[in-house]
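Trainee: Here are the chains, one letter per residue:
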Amino acid sequence: MIRIGLVLFTLFFMGCSEHLVRVMPYEKEYFSQDKMSLSPLGERAEQEGHIFLIREASAGGESAFQGGCGCR
Amino acid sequence: MSLKYIIITLFSLLLLEVSSLASSLKDSMSFGINSYNDNADVHVYSPTLSLFKKVSHSWMIGVKMRIDTISAASMQNGANAGHVDAVTSASSADSALYDDIRFAPTLMATYDDGDNMLSFGAYYSTEIDYTGQAGFINYVRQLNEQNTAVGIGFSQSFDKWNPVFDRVLPNENRNERKIDFSINQLITPKFSMQAVYSYMYSEGFLSSPYHYVLQDDIAKFENYPDTRSGHAFAIKGVYLLNNTNAMNFSYRYYADDWNIASHTVNVEELHDFSSKFMSGLRFRYYTQTKSNFVQEIGNYSLDDSYFATDYRMSAFDSYTIGIPFIYKRDNGDKVTASIDYYQTTENDYVKSWYGIDNISAVFTTLTYEFDY
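As you go down the protein sequences, you meet chains H and U in turn. When we follow the numbering used here, the leftmost residue of the first sequence carries the number 2, and every step to the right adds one. When we follow the numbering used here, the leftmost residue of the second sequence carries the number 129, and every step to the right adds one.
It is worth saying that the hints were derived from the structure and are not from the lab. Please read these numbers as outputs of a predicted model, since none were measured by experiment. Ideal Cβ placement from N, Cα and C applies to all residues, glycine included. Some hints could be false.
To be verified - Quick partial rundown of chain U residues pointing at chain H, CB under 10 Å, derived from the structure:
hint, residue
1, Q274
2, E304
3, N312
4, S320
5, I388
6, R412
7, D438
8, S442
9, A465
Please model the complete structure; the sequences and the hints are all you need to start from.
Mentor: Here it is as structure tokens:
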């Protein structure tokens, strides 16, 4: 599984193609708005990431680091 | 690590500095307070502070500090909120305002030249019965005129248990490793998506040192397998519905070698009430299967290798509903706040351990952020 991930990652990393240029620089104004962020409230994302890690048995899927604690 | 690799690393970092383009790093600071309260009598109040300072055009260093003041009946009697603890013989601390304080500082450094972002750091936390220490590194590369961003992250923790009562654990360490691969892609001027894959591996003492199975003829501490590996795949997106509304959504699938599999769906609608104030509504649904070693309550035998009584090893669902707030001041400072209600479905293990049908909780955040 990791190998597949590495291969896919490498393919993207090597530049793919210009087909992935979908939005020109002058069209990016909407992405500067708070509501267009994938994580509009950073502190909430960090806190709930910790809470769900404690209250549930799943993890991952976040490209962010979560430190461990004894409540797990 | 040999001198050669250190020199190569330093030289690479120097090259990154020389080739720096348009960094988006800023001197910034934030402080706030978070809270968590549930019906299992766990109350946590957490002041937070973060400070980031540019040290050159492309480099920034920062520190984040979180202090959890924890009050929990489970800590006063050794984990079981509903019963006098006959197994652990832990003593009560009723007179204290809180039962534990967890200090969790994170030191980090970030390099950003507009096309490359590298961040790395170290985390340390200490509480009465647990010490956490970890290192992490993340790298993000912008491609295709910043329409695509690929990232890779790695973290490794070296945690250690120190139970509050006299119990010798078979292994007091808990080490966890996580590798993430992520891809962000702008789809249209109003739509972007992200995919994340995570691989996680844990080893050491993976159960709680306090939870125990108590049946007619059995009194055993929990015992889980000493390794666990899991995979998570998540896909996320944000879509601008119109000038004042955006929809944020995500789905995650998780599976591990304890046979726990889960699905998580999160949807959030955000609305600009004015140029300064935004709010919305979020809903999250989570469902998981049980582990392959947990048994029905009362069904353990002395021949069993593993014992589990923690509800997290059983099948259950949970729901979260919440409201976020963002208020921007004229000078650019930002106040963010959120309140969320969390509830699990009814669960026999919750009933048995905590004496309540399900876990329900309210958690909040309040943060003030500014550049300086």
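Trainee: State for each hint whether it applies.
Mentor: A quick look at each hint next to the structure:
1. Q274: Check passed: Cβ of Q274 (chain U) comes within 8 Å of chain H, closer than 10 Å.
2. E304: E304 (chain U) check passes; min Cβ-Cβ to chain H is 6 Å, inside 10 Å.
3. N312: holds, 8 Å
4. S320: Holds - the Cβ of S320 (chain U) comes within 10 Å of chain H, reaching about 7 Å at its closest.
5. I388: Check passed: Cβ of I388 (chain U) comes within 5 Å of chain H, closer than 10 Å.
6. R412: Given a least distance of 9 Å, the restraint on R412 (chain U) holds.
7. D438: Result: holds, 9 Å to nearest chain H Cβ.
8. S442: holds, 9 Å
9. A465: Because about 8 Å separates A465 (chain U) from the closest Cβ in chain H, which is inside the 10 Å limit, the hint holds.
Violated hints are absent here; each numbered hint is respected by the structure.
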